[in-house]
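**Q** Sequence:
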Amino acid sequence: YIYIFSLVAVFIILLACINFTNLSTARAITRTREVGIRKVFGVSRKRLSLQFIMESFLIVFIAHILAMIIAELALPYFNDLTGKNIVIEYLNIRFVGFILGLIIIVSLLAGSYPAFYLSSFNPVSVLRKEMITGRKKARFRSVLVIGQFVISLVLLSSSLVLYMQMKYIQNKDLGYDKEQLLVIENTYLLGKNIDNFKDQLRQNPAIKNITQSGFLPSPSSRNNGAIFPDGILSNQQQFCTHFLVDYDYINTFGMKIINGRAFSKDYSSDSSAVIINEATAKLLGYDDPVGRKIGTFKDSYDPQNPKIQVYNIIGVVKDFNHSSLHEPVAALAMYLERSRARITCKIMKDIDLSGLIAFIEAKWKENAPDQPFEYDFVTESLDRQYSGEIRLGKILGIFTLLAFFISFLGLIGLALFASEQRSKEIGIRKVNGSGILNIVWLLTSDFTKLLVIAFIIACPLSWYLMSRWLEGFAYHMDLSWWLFLLTGLISYLTAMIAVGYFTYKAAATNPVEILKNE
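So the numbering used here is basically just the index in the sequence shown, starting at one, shifted up by 85.
Some hints could be false.
Stated by the list, open to error - Below, a list of computed lysine-lysine pairs in the DSS-like style, where the Cα atoms sit at most 27 Å apart:
(1) Lys403 x Lys257
(2) Lys283 x Lys367
(3) Lys479 x Lys169
(4) Lys392 x Lys378
(5) Lys341 x Lys283
(6) Lys450 x Lys283
(7) Lys392 x Lys293
(8) Lys350 x Lys378
(9) Lys431 x Lys283
(10) Lys403 x Lys252
(11) Lys434 x Lys403
(12) Lys367 x Lys257
(13) Lys431 x Lys293
(14) Lys293 x Lys277
(15) Lys252 x Lys169
(16) Lys277 x Lys124
(17) Lys534 x Lys252
(18) Lys293 x Lys450
(19) Lys341 x Lys434
(20) Lys378 x Lys293
(21) Lys434 x Lys293
(22) Lys534 x Lys509
(23) Lys252 x Lys341
(24) Lys350 x Lys283
(25) Lys403 x Lys431
(26) Lys367 x Lys293
(27) Lys590 x Lys534
(28) Lys534 x Lys257
(29) Lys509 x Lys479
(30) Lys341 x Lys257
(31) Lys367 x Lys403
(32) Lys341 x Lys431
(33) Lys277 x Lys450
(34) Lys431 x Lys350
(35) Lys431 x Lys252
What the hints assert, rightly or not - Across the chosen pairs, the derived CB separations fall in these ranges:
(36) Pro457 x Ile98: 33 to 39 Å
(37) Asn256 x Ile541: 31 to 37 Å
(38) Phe90 x Pro545: 46 to 52 Å
These are calculated hints, taken from the structure and not from any lab test. Note that beta-carbon positions come from the ideal geometry of N, C-alpha and C, so glycine has one too.
Can you make the complete structure from the sequences, with help from the hints?
**A** Written out as structure tokens, the structure is:
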């Protein structure tokens with residue numbers, strides 16, 4: 086993520102450099118007379134170039150001072166967003182060296198071409214007012230505008246895909262009911278009172294069901310180990326996750342038994358039984374697992390005298406995601422065994438949640454005085470698992486808005502300059518009967534072409550980048566063409582609203598005001 090954000094930061098600086106270059110070359114004609122007079126008085130092209138680069142350096146330096154003030158003011162909010170405690174060490178020699186290097190690089194990147202371009206003017210042509218901006222310079226500015234919007238469109242589409250993937254994860258059916266599950270942690274602290282505590286909880290009508298287990302289906306610590314097909318110690322061992330559960334585990338979490346049965350107090354033999362998931366059955370090559378056996382070193386392993394415990398498979402539970410959605414469903418085996426790690430309560434909907442938690446805490450203090458009471462919700466645990474991706478989405482969204490803001494500032498600047506340069510043409514067209522809408526379209530059509538080209542370039546690039554990112558998830562949304570079309574439409578409409586407003590003002594100007602001095 087640090088590499089991603091660093092790359093985005095470089096893109097944003099690049100957008101600002103493109104803007105500076107674009108606007109400097111576009112406004113170059115206003116400085117042609119200055120350049121011509123300086124050259125007549127013997128100023129060399131080298132000194133002129135150095136002057137324009139120093140102007141660029143001064144602008145970047147002032148911008149840096151303002152940026153550091155904004156960064157310091159925004160740092161507490163950024164720390165809240167990222168969950169970090171970042172401190173800017175202004176006097177650190179590496180930091181100072183990096184900032185100075187950045188100022189120099191940005192100054193050269195933004196100012197070199199305008200300096201070269203402005204210092205190349207012929208003084209005789211300039212002073213005779215024969216200076217005409219050529220198509221090559223306009224074509225260069227067009228390439229820069231296209232580059233700007235390619236970057237902006239890639240950032241926007243990436244933010245949209247990331248947001249939708251997070252929504253997909255949060256709404257995906259995990260194979261169990263994750264809602265209304267309150268987890269009480271560290272219940273081993275209750276000691277001998279754990280059964281009394283559970284009985285007291287069952288008396289509360291807001292609690293539908295209770296289970297005591299070593300592990301949750303949501304990502305947590307895992308007990309992984311070897312299993313042997315048919316309960317025979319051999320070299321054909323496989324590996325799976327082991328859960329220690331009680332009779333109410335499957336019912337409390339709303340899991341589905343698709344073959345066989347769940348654990349039941351009616352069967353004393355269930356102490357040597359196991360329930361596996363579909364992934365385990367597939368791993369072992371069992372077409373009909375119920376009645377088959379598996380062996381495992383569940384409790385201990387003695388390399389000198391290895392012995393396995395054999396369990397009868399009594400049921401197959403439908404696959405559920407008990408790890409991150411970055412990974413496919415792994416093999417799992419559940420054993421009927423008492424664990425003091427945690428208690429999970431299935432609670433009713435639309436209840437006084439704070440009152441219920443206060444009730445549980447009061448019963449905890451009765452049974453485990455002076456011991457800390459800790460609880461959690463399965464849904465909150467799942468959200469924390471993807472907190473990195475969620476933070477990535479928020480930060481990338483902010484960066485995307487910043488990139489678009491910079492791009493549109495440059496676009497508006499070029500639109501204003503184009504309107505100014507073509508003011509006489511606008512006046513003559515209006516005198517000859519052209520309507521305001523026709524003139525607005527004339528001024529915006531060039532920008533439309535540039536945005537369309539940027540969209541055509543950005544779409545396959547965004548598709549590739551997002552496809553690679555989604556490969557990191559075993560379960561992910563499908564990329565669709567309409568996502569990128571929506572991105573293009575949002576960008577185009579926003580740009581046209583901004584540009585159209587200023588071109589409309591230019592088109593609505595009274596032609597008498599424009600042509601009265603001709």
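**Q** It remains to establish, for every hint, whether it holds in the given structure.
**A** Hints, one by one, checked against the model:
| no. | hint | verdict |
| --- | --- | --- |
| 1 | Lys403 x Lys257 | holds (15 Å) |
| 2 | Lys283 x Lys367 | violated (37 Å) |
| 3 | Lys479 x Lys169 | holds (15 Å) |
| 4 | Lys392 x Lys378 | holds (15 Å) |
| 5 | Lys341 x Lys283 | holds (25 Å) |
| 6 | Lys450 x Lys283 | holds (13 Å) |
| 7 | Lys392 x Lys293 | violated (41 Å) |
| 8 | Lys350 x Lys378 | holds (21 Å) |
| 9 | Lys431 x Lys283 | holds (13 Å) |
| 10 | Lys403 x Lys252 | holds (23 Å) |
| 11 | Lys434 x Lys403 | holds (25 Å) |
| 12 | Lys367 x Lys257 | holds (23 Å) |
| 13 | Lys431 x Lys293 | holds (5 Å) |
| 14 | Lys293 x Lys277 | holds (24 Å) |
| 15 | Lys252 x Lys169 | holds (24 Å) |
| 16 | Lys277 x Lys124 | violated (96 Å) |
| 17 | Lys534 x Lys252 | violated (34 Å) |
| 18 | Lys293 x Lys450 | holds (22 Å) |
| 19 | Lys341 x Lys434 | holds (21 Å) |
| 20 | Lys378 x Lys293 | violated (34 Å) |
| 21 | Lys434 x Lys293 | holds (10 Å) |
| 22 | Lys534 x Lys509 | holds (23 Å) |
| 23 | Lys252 x Lys341 | holds (25 Å) |
| 24 | Lys350 x Lys283 | holds (18 Å) |
| 25 | Lys403 x Lys431 | holds (20 Å) |
| 26 | Lys367 x Lys293 | violated (34 Å) |
| 27 | Lys590 x Lys534 | holds (21 Å) |
| 28 | Lys534 x Lys257 | violated (40 Å) |
| 29 | Lys509 x Lys479 | violated (47 Å) |
| 30 | Lys341 x Lys257 | holds (16 Å) |
| 31 | Lys367 x Lys403 | holds (12 Å) |
| 32 | Lys341 x Lys431 | holds (16 Å) |
| 33 | Lys277 x Lys450 | holds (14 Å) |
| 34 | Lys431 x Lys350 | holds (20 Å) |
| 35 | Lys431 x Lys252 | holds (24 Å) |
| 36 | Pro457 x Ile98: 33 to 39 Å | violated (48 Å) |
| 37 | Asn256 x Ile541: 31 to 37 Å | holds (33 Å) |
| 38 | Phe90 x Pro545: 46 to 52 Å | violated (24 Å) |
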